[in-house]
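With the hints as your guide, set chains E, R and V onto chain F.
Residues per chain are reported as follows:
Number of protein chains: 4
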Amino acid sequence: MKNVAILGASGYTGAELVRLIAGHSGLRIKALSADRKAGMTMADVFPHLRHLNLPALVKMDEIDFADVDLVFAALPHGLSQALVRDLPDHVKVVDLGADFRLSDPAEYEKWYGAAHVATELQQTAVYGLTEFNREAIRTARLVAGTGCNAATVQFALRPLIAGGLIDLDDIICDLKCGPTGAGRALKENMLFTERSTDVVGYAQGGKHRHLGEFDEQFSALAGRKVEIQFTPHLVPSNRGILASCYLKGDAEACHAALAEAYADEPFIVVLPFGEAPGTGHVTGSNFCHLGITADRISGRVLVTAALDNLCKGSSGQALQNANLMLGLPETEGLMMVPVFP
Amino acid sequence: MKNVAILGASGYTGAELVRLIAGHSGLRIKALSADRKAGMTMADVFPHLRHLNLPALVKMDEIDFADVDLVFAALPHGLSQALVRDLPDHVKVVDLGADFRLSDPAEYEKWYGAAHVATELQQTAVYGLTEFNREAIRTARLVAGTGCNAATVQFALRPLIAGGLIDLDDIICDLKCGPTGAGRALKENMLFTERSTDVVGYAQGGKHRHLGEFDEQFSALAGRKVEIQFTPHLVPSNRGILASCYLKGDAEACHAALAEAYADEPFIVVLPFGEAPGTGHVTGSNFCHLGITADRISGRVLVTAALDNLCKGSSGQALQNANLMLGLPETEGLMMVPVFP
Amino acid sequence: MKNVAILGASGYTGAELVRLIAGHSGLRIKALSADRKAGMTMADVFPHLRHLNLPALVKMDEIDFADVDLVFAALPHGLSQALVRDLPDHVKVVDLGADFRLSDPAEYEKWYGAAHVATELQQTAVYGLTEFNREAIRTARLVAGTGCNAATVQFALRPLIAGGLIDLDDIICDLKCGPTGAGRALKENMLFTERSTDVVGYAQGGKHRHLGEFDEQFSALAGRKVEIQFTPHLVPSNRGILASCYLKGDAEACHAALAEAYADEPFIVVLPFGEAPGTGHVTGSNFCHLGITADRISGRVLVTAALDNLCKGSSGQALQNANLMLGLPETEGLMMVPVFP
Amino acid sequence: MKNVAILGASGYTGAELVRLIAGHSGLRIKALSADRKAGMTMADVFPHLRHLNLPALVKMDEIDFADVDLVFAALPHGLSQALVRDLPDHVKVVDLGADFRLSDPAEYEKWYGAAHVATELQQTAVYGLTEFNREAIRTARLVAGTGCNAATVQFALRPLIAGGLIDLDDIICDLKCGPTGAGRALKENMLFTERSTDVVGYAQGGKHRHLGEFDEQFSALAGRKVEIQFTPHLVPSNRGILASCYLKGDAEACHAALAEAYADEPFIVVLPFGEAPGTGHVTGSNFCHLGITADRISGRVLVTAALDNLCKGSSGQALQNANLMLGLPETEGLMMVPVFP
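Chains F, E, R and V, in that order, are what the protein sequence lines are.
Residue numbers for the first sequence follow the numbering used here, beginning at 177 and rising by one.
Residue numbers for the second sequence follow the numbering used here, beginning at 177 and rising by one.
Residue numbers for the third sequence follow the numbering used here, beginning at 177 and rising by one.
Residue numbers for the fourth sequence follow the numbering used here, beginning at 177 and rising by one.
The shape of chain F in the complex, shown without the other chains (with noise of 0.2 Å):
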């Protein structure tokens, strides 16, 4: 049994981790920490966790690491850097936010707005996207959990871009988001009078941050620089992310590829050719449906993928990071099915 501690646990994220690892028959929580809610309980903080025995939430520096194994890291962007910094070594982490997802200090600050105040460990950072960094991940001190639009979009693109099926220079995903993904912090977008009627664009033109996750991974992969046209739109359904990506490529090969290429994996199902997946079968799942269909223009090829954000685009995908990471079955904890309707 290895004991756990999250941070910034009455967030969503924090939730779904709970959720998750309640079900989990390796790990135990050890403490949970929150900001201005401490001195709380979860059952207070969520009343769908009151039947768990769980420790009240505390400040992070009540937490006594001595016999911590892992952290998961769910705290706002920027808050990590310090803290995963000045941990005991035998600490592992995950974090859920956005400080170690980019490599490059420059590209940090570009898109984050801030110097990054620990370069060091952000280069011993590994990539969370468990699929295409499982070795990595299981010998890693600090997995960077990625964006959860960022998870969608590469789950649909990677081995495309990897085999050179489809043109670098006109990648183009249209995501469709469920507002969890914006967390629980109070805007007026984000009420549900606003929100509950409306379908929107936001970060539109090439101002998500998670481009700078995509520019960097898609650059790696091809050998040379990708920039991809990406924007988020904003629909009234609590979880879940649709991507569809419109790519120049021939369709039934790249069907092909990605089948294959997830031929092996627990998670991520490719449908049948010519079908399309929605968010509805996937939600409350770590699973990931991808949908590959030709369109009637010749040489064009529409990739539809779906997760449900909180879930495999996040908390989801932590936990099967920090299965490998302490040497546990991959999918301990995930296996559960998607909830429908």
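Accuracy of the hints is not assured; some may be wrong.
Claimed, not checked - Straight-line Cα separation of at most 25 Å, DMTMM-like style, residue types lysine to aspartate or glutamate; simulated pairs:
1. V/Lys268 to V/Glu436
2. E/Lys363 to V/Glu403
3. V/Lys383 to F/Asp220
4. R/Lys383 to E/Glu364
5. R/Lys363 to F/Asp220
6. E/Lys424 to R/Glu238
7. F/Lys424 to V/Glu403
8. E/Lys383 to E/Glu364
9. E/Lys424 to R/Glu403
10. R/Lys178 to V/Glu508
11. R/Lys383 to R/Asp343
12. V/Lys286 to F/Glu451
What the hints assert, rightly or not - Label-pair restraints from in silico Cβ distances:
13. E/Thr507 to F/Gly215: 27 to 35 Å
14. E/Lys383 to V/Lys363: 23 to 31 Å
15. R/Ala338 to E/Gly475: 46 to 54 Å
16. F/Leu362 to R/Gly289: 43 to 51 Å
17. R/Ala338 to V/Ser201: 51 to 59 Å
What the hints assert, rightly or not - Chain R is faced by these chain E residues, among others (derived, beta-carbon under 7 Å):
18. Thr369
19. Gln405
20. Gly454
21. Thr469
22. Asp471
23. Ser474
These aren't lab readings, by the way, just hints derived from the structure by calculation.
Glycine is no exception: its CB is placed at the ideal position from the N, C-alpha and C atoms.
Same frame as chain F, now just chains E, R and V:
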């Protein structure tokens, strides 16, 4: 390992059973039946189940029941009667429909509009409200799952009626129900377009069939005739029933009685006095949350119960009963944490 | 052409007033105020109004009231008192907040937690439930808009109380309310993520402030003290209140009394006996639908009322009153058909 | 006062026409037809219309067209052809279905799977995209309403194609559509339970029938063959289409061209450069909001269009055309403000 079959697997309660059994260590799905959809795969009918290795849907009479230990009958009302009668004796049955919920043939005919065709079996069926019928369920061959509304309200009221704590002549239950309770049948008023921004009462005035269950159960419990006033309302949220029960009695005594009655129950959670449960905090789980509040008017108590109609209100209850009938741990496959948000 | 100003125009009832006045032939919007959003345009704050030629948002004290005939005060509770006191005498006021709903200063202090600062004005304010106060409203300088829940329940109950048709000691009102009723304030439990799949009661046990209105109005009407039991619930649909009123009386007599009371009312529609109204059928309109059903238990009647809280429950009512106060046709700007689906 | 009849009044576009005409000063509804629901009242079929004094639903052949000036045909695809052919000559027709959208009989047969039975009429029909066909519509006897997706995308693209501002060989349109676009037909995937938490593409790969319209219209406009890539997605919000059009061209030039093209249009609103429109801000109205953004990749422009599919995308457009055909003010009955939130 026990073998089970699910009859009526193309409906929502059938799919929910598959979801739960996939996380169960002691059950194997041997056969799945559907009527109009026989010949299809479960992946066709329920894409969220596509990663599971499931038998294809067949007609009921194509199933070999020789090595089936237990059947879940998730059939439209009226179809289980003859079917269960004709099953081999060794097969245990959990019926999720309404056919065996009422023990009085006259009451059955009154509420369902047709004579019961298996009245002998009807007498042997055990009413499947697990928490109140555990011992009889353990040894039953046939267990009748309760109505989802009937389960919700009974969790709120049974200990109060048994304890003589409330006025039996003045019980008013106002329910808010998710559309999944109506199943997958094609009805105009169940379209997304009609339901997504509408809140409306239905079966008003005492016409809802679950009243037959309330009458029979509460009268037996009280040792006198009890009739409650019960009105369900449709609200735009897939899963969940919130029952607001307006009662006359002492609120603190009611809270104490409910807290005591459920102290050792794994799935029934009594909230601190004065707190209100929400359906969003039990979604996807087998938990039922109960809240008790005193009104400003002396002698009035409001008991609110929240559960997931497809799980604790139907398929979760069915699995809990099956566990008992098969000598398995009662909570096996049922401890998943609610999915929030 | 009469000139109006809207104070608090950056909230939902302010925006709804703008929507309605845009279709009104006799009113011109002269000024719009907001506090924190002063300096912004309405297009910034409410993009759905961007095609209208509207004055920019200013601070209240920047408004020249010289040629303003009537002010709509859509301010947070507590702010109208001093403001209205200090307005020039020629300006009529429709207050959409709670400041003048209660005529008894002690009751005001009890429900709102602070002494009233304009108690003389409080005595002169006319309670704005148009259908029951028409003549007083015509000549009033200050009309106090009702609470949205208070309006809904009063449409269901006033003719029954006035007619002595129901038991005054046993009135139970269960309300299902859209989140727009809570306004645009930033609260965690009002985020889309928290509300979109949750149904939950609030202010349970007689703590909701609209009870002050019920007590005062119903007691005055009955000529004795009347206290009702009232519980609101949040449901995931932007607009709409459905009030289910559980009463003791003769259902057909109640139906006859309501039908007669509202026979000539343009906005109150009494459905045929036994039919149930839905919030989806009044959305965006000034209509209130009333349904009356007999229960299977003799002597019980269920009266259900549906209206749009932002329109008939608030801004529509306000405009209806303003029309009367300004000598304009009562229904002007208010006959728009509900938006369904 | 002109007399109109609505054929197919039991569908959503029929109900929307009634809603709009109720606020129109120059039209009287003379007859309403429905097929399976003939004999019912509109209040039975659409309770939100119950306050209106409307003719009962009849079979089409029961209508006396002698004093009918204009017919709105809101019929399932394929039924208008013979019907319009057989109407008296004096009756003008606005067809909301697909029967007359394509002028080429071969294209019609290709997309709709059957030969057109009124090919002579087909040649005379005027394509009803009001803003681009105003003069022809004024004098037409038969106007073919556009597809709702077709309208949305054309508002975004026509001035850009006409102005030679974008690469005609690389137009990608990703649409997010509310389920009302599918009408009131009973389909399993249109149930609330299936749609309320799902986002999914459909008719992927160039199979959607509105492509016939795009091909014909854009090719005519460009003077060469133009084929766009077009993928609609279902999102859980009743009304609204958001079209995200990924184009190659100069963003500022595109913004200028759109702003100029629509400068005098009462219903088409071009947002300031860089702003994004949302469907929630046009709900219930006849407005279309257009947003134009430059991508970080040089030479890429994103044009986003939002409108209400039942109103500007269908019934609002139909009424706008009817106004022109009957010599009435074009905006009469159509200036209602969007309903938000």
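Hints, one by one, checked against the model:
This hinted pair does not check out: V/Lys268 and V/Glu436 have alpha carbons roughly 33 Å apart, beyond 25 Å. Restraint check: the Cα-Cα separation between E/Lys363 and V/Glu403 comes to about 38 Å, which exceeds 25 Å; the hinted pair is violated. Our distance criterion of 25 Å between C-alpha atoms is broken by V/Lys383 and F/Asp220, whose separation comes to about 50 Å. For the hint pairing R/Lys383 with E/Glu364, the CA-to-CA distance comes to about 39 Å; that exceeds 25 Å, so the pair is violated.
With a CA separation close to 15 Å, the supplied pair R/Lys363 and F/Asp220 stays within the 25 Å bound. With a C-alpha separation of about 55 Å, the suggested pairing of E/Lys424 with R/Glu238 is violated against the 25 Å cut-off. For the proposed pair F/Lys424 and V/Glu403, the alpha carbon gap of about 15 Å is at most 25 Å, so the pair holds. The hinted pair formed by E/Lys383 and E/Glu364 meets the criterion: a straight-line CA distance of about 20 Å does not exceed 25 Å.
Only pairs whose Cα atoms come within 25 Å are accepted, and E/Lys424 paired with R/Glu403 is accepted, the gap being roughly 15 Å. As the CA atoms of R/Lys178 and V/Glu508 are separated by approximately 23 Å, the hinted pair is consistent with the 25 Å bound. Proximity of R/Lys383 to R/Asp343 is assessed by CA-CA distance (about 22 Å); at most 25 Å being required, the pair is judged to hold. With a CA separation close to 23 Å, the supplied pair V/Lys286 and F/Glu451 stays within the 25 Å bound.
Between E/Thr507 and F/Gly215 the CB atoms are about 32 Å apart, so this pair conforms to the stated range of 27 to 35 Å. Judged by the Cβ atoms, the range 23 to 31 Å given for E/Lys383 and V/Lys363 holds: they are separated by roughly 28 Å. At about 27 Å, the CB distance of R/Ala338 to E/Gly475 disagrees with the hint of 46 to 54 Å. Look at F/Leu362 against R/Gly289: about 24 Å separates their beta carbons, and that is not inside 43 to 51 Å.
About 38 Å separates the C-beta atoms of R/Ala338 and V/Ser201, a value inconsistent with the hinted range of 51 to 59 Å. At about 4 Å, the closest approach between the beta carbon of E/Thr369 and any beta carbon in chain R falls short of 7 Å, and the interface hint on this residue holds. Restraint check, E/Gln405 versus chain R: the minimum CB separation of about 5 Å is within 7 Å; hint holds. Annotation: E/Gly454 was flagged as interfacial toward chain R, and the flag holds, the nearest CB pair being 3 Å apart, inside 7 Å.
Because the beta carbon of E/Thr469 sits about 4 Å from the nearest beta carbon in chain R, less than 7 Å, this interface hint is met. For E/Asp471, the suggested interface contact is upheld, since its CB lies about 5 Å from the closest CB of chain R, less than 7 Å. With its C-beta approaching chain R no nearer than about 10 Å, E/Ser474 sits outside the 7 Å limit, and its interface hint is violated.
In summary, the numbered hints that this structure violates are 1, 2, 3, 4, 6, 15, 16, 17 and 23.
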